[in-house]
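Participant: Keeping their order, the protein sequence lines are chains A and Y.
Position 28, counted from 1, in the first sequence is what the numbering used here calls 28; the numbers after and before it change by one each time, with no gaps.
Take the position in the second sequence, starting the count at 1, then add 1000; the result is the number in the numbering used here.
It should be emphasised that the hints constitute simulated quantities derived from the structure, not laboratory data.
On a predicted model such as this, the values are computed, not experimentally measured, just so you know.
Positions of the beta carbon are idealized from the N, C-alpha and C atoms, including for glycine.
Be careful, since some hints might not be right.
Distance ranges between label pairs, derived from CB positions [to be verified]:
| hint | chain 1 | residue 1 | chain 2 | residue 2 | range |
| --- | --- | --- | --- | --- | --- |
| 1 | Y | Glu1044 | A | Thr22 | 35 to 45 Å |
| 2 | A | Ser85 | Y | Arg1111 | 16 to 26 Å |
| 3 | A | Arg61 | Y | Tyr1101 | 31 to 41 Å |
| 4 | A | Pro8 | Y | Thr1020 | 34 to 44 Å |
| 5 | A | Gly79 | Y | Gly1016 | 50 to 60 Å |
| 6 | A | Glu15 | Y | Arg1064 | 38 to 48 Å |
Okay, derived cross-link-like pairs now, BS3-like style, lysine-lysine, Cα gap no bigger than 25 Å in a straight line [what the hints assert, rightly or not]:
| hint | chain 1 | residue 1 | chain 2 | residue 2 |
| --- | --- | --- | --- | --- |
| 7 | Y | Lys1078 | A | Lys42 |
| 8 | A | Lys42 | A | Lys78 |
| 9 | Y | Lys1024 | Y | Lys1078 |
| 10 | Y | Lys1024 | A | Lys42 |
| 11 | Y | Lys1068 | Y | Lys1078 |
| 12 | A | Lys69 | A | Lys57 |
Where chain A lies over chain Y, by a calculated footprint (3+ residues, C-beta under 8 Å) [said to hold, decoys possible]:
| hint | segment |
| --- | --- |
| 13 | 1063-1075 |
| 14 | 1097-1110 |
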Amino acid sequence: ILNVEQSPQSLHVQEGDSTNFTCSFPSSNFYALHWYRWETAKSPEALFVMTLNGDEKKKGRISATLNTKEGYSYLYIKGSQPEDSATYLCAFRGTGTASKLTFGTGTRLQVTL
Amino acid sequence: DAGVIQSPRHEVTEMGQEVTLRCKPISGHDYLFWYRQTMMRGLELLIYFNNNVPIDDSGMPEDRFSAKMPNASFSTLKIQPSEPRDSAVYFCASSSGTGFYNEQFFGPGTRLTVL
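Based on the sequences and whatever the hints tell you, model everything.
Facilitator: This is how it looks when you write it as structure tokens:
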């Protein structure tokens, strides 16, 4: 059983705060790491796919980094806005099972005014 | 593109009844995935298909669960008989391959409540 963990489980910040959360995954047999954004009552939407050690991705105020050797990825949100409130999921793909995503349990972010 | 379509969006049933969830993947996608989301276990993969063939059903909880994909545009997940612990949101997702940057696109989910 693959162990994909996310921390913190939940986070409550104020508008304008910058925040980050962590995804840890097996450092062996790495293929790709996905980040999804999941708003309540909607379906998960893809944010990033990361494949190489040292990868950095950015989309607007959201960015992510990847360290495959130590098995972690960080997601950063700069200047949080209420519309950033969602659950952020990471998902690991291993070389032996490249079709499958193993999801972490997510970090639930709430941004208030 | 309409995206992944799931029906029904909500299902309330009584214990012991048969439940059938439906999914239409994005046209041209040859991978289809069924997931279950619960508070305790998060998003779990139940089964996935490639070109309509089940590839890995190791996540199917027990024999009460079955899934089929009779053609490239339709899949069902059936629970018979249903139990209260099956209450969850069931998602279907599809993708066009397993390359590095192939994303899975999720449907809106079916919220199942078994009384």
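Participant: State the violated hints by number, sorted upward, taking the hints as numbered earlier in the document.
Facilitator: 1, 3, 13
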